[in-house]
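Chain by chain, the residues:
Number of protein chains: 2
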Amino acid sequence: MTLRFNMKSPSKRSQTLDKLRSAIQEMILDREWNQVSVQDIAQHANVSIGTFYNYFDSKDTALMDVRKVLSDVLFRDLDLLLTTHQEIDKRLTLLVKYFISLTMNKPKWASYLYGGNSFGERLEGGISKALKAILIEGVSKRVFRVNDIDITTEFIESGLFFIIRNRYLTKQPLDEDFMNEVANICLNSVGIQVENISELSLMSCPVTPLTPLPISTLAIAYDDMEFV
Amino acid sequence: MTLRFNMKSPSKRSQTLDKLRSAIQEMILDREWNQVSVQDIAQHANVSIGTFYNYFDSKDTALMDVRKVLSDVLFRDLDLLLTTHQEIDKRLTLLVKYFISLTMNKPKWASYLYGGNSFGERLEGGISKALKAILIEGVSKRVFRVNDIDITTEFIESGLFFIIRNRYLTKQPLDEDFMNEVANICLNSVGIQVENISELSLMSCPVTPLTPLPISTLAIAYDDMEFV
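As they're listed, the protein sequences go chains A and B. If you're matching positions, the first sequence starts at 1 in UniProt numbering and goes up one per residue. If you're matching positions, the second sequence starts at 1 in UniProt numbering and goes up one per residue.
If you are wondering where the hints come from, they were derived from the structure by calculation, not from laboratory data. Heads up, some of the hints might be wrong.
One copy or any two copies: either way a pair holds, since identical chains are not told apart in the list.
[What the hints assert, rightly or not] When the alpha-carbon atoms are kept at most 30 Å apart in a straight line, the in silico DSSO-like pairs for lysine-lysine are as follows:
id	residue 1	residue 2
1	K171	K68
2	K12	K141
3	K19	K108
4	K132	K90
5	K68	K141
With the rest of the complex left out, here is chain A (with noise of 0.2 Å):
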């Protein structure tokens, strides 16, 4: 449910908030987290160190309330890919696809997810839960082998993490033909049919709307009541 506000002026607070937001996305892209002082994101976002502390605690939480901010955001455009298909090993290699397509196509998203260590790190609960989900129901229609479905998802979130983040620091060629292949390996490790393989590895994943970043707040909000 989105609630209507008045569009010509967000509230004071809402304002300061979305600059200090887009601050710290700024400078997450920009540097090592661990280099950004506080003082740094004021300076950045134009207010004082004792503004910034009348919104977060300390500049971990500041950034947890951004990455729950930039995880709605890029798992709603998630959901949306998703709902385009209704067979559960479309919907597997879609998302498989997805986060493949977006190293290529949006490369401060990328930055983002591959400047931490997995992807719960820069993604809040990482892709286990939209991925459970699709083991749970793959499992449940006998399309997917899978016995343990805990395991499996947290070696299919890994797996796809570090084949990703390598091939992006080393600035190897993230195409067509390395997504083909590891929807391939994906398919595979979750026990799928040999003869729907090579046919679902192949299916083509759209570029999706997802905003880049730094992404405002005040605009997402905006961009919700387009729907109301």
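Chain A is fixed; fit chain B onto it per the hints.
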């Protein structure tokens, strides 16, 4: 090839190098490597800082040296285990189970391996050399169904590392059940025929005679000589 040397008195240089290597192993098992100084190592080995620099250019060169020594010991142990089976699918199963068995049964090795952020940080070349050789053979024998061997190697290496490390760090049980489930996923991910997976994944993995840490390189040299 092992060169015979005078067993009664290893040279002074070998003895000092061995003391330094043992001290490095003890310190890396005991605390974060970035909190260890050259002074700490020298003190622990009971030599002067000047002596340390007669053997190593820096703290990190010293760690690389020890990593090489430990990698050789571990891979020799693993290779001996793998030669107990001819079938390539059984060898993959053993390789996967080996690292879980080691985590369960060799606490100091576990602490050494999972103190890093990848197998490659603590084992020279990671486990990809061993894994890739198995994948190449499995594909050429048409037992595995893998498109891209490099990507699959990297995927399994990352998935395996993090799935074990997470269990280990969160003190969840590393038992036979876990071992079988992880083997199941890895076998799935190389596309082994479904009817073979359940039997394979139940295959038992013996505890190997891997020498406990810290390892003395002089003792290893003596061990080698027994085979001469």
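How the hints compare with the structure:
1. Within a single copy, K171 and K68 get their C-alpha atoms as close as 28 Å, and across copies as close as 28 Å, so both meet the 30 Å cut-off.
2. Taking CA atoms no more than 30 Å apart as the test, K12 paired with K141 passes in neither setting, with 51 Å inside one copy and 68 Å between copies.
3. With identical chains, the CA atoms of K19 and K108 are at most 30 Å apart within one copy only, with a shortest distance of 18 Å there and 48 Å across copies.
4. Proximity of K132 and K90 under a CA criterion of 30 Å is satisfied in both settings, with 15 Å inside one chain copy and 29 Å between copies.
5. For a Cα distance limit of 30 Å, the shortest separation of K68 from K141 qualifies neither inside one copy, at 32 Å, nor across copies, at 48 Å.
Against the hints set out earlier in the document, violations occur for numbers 2 and 5.
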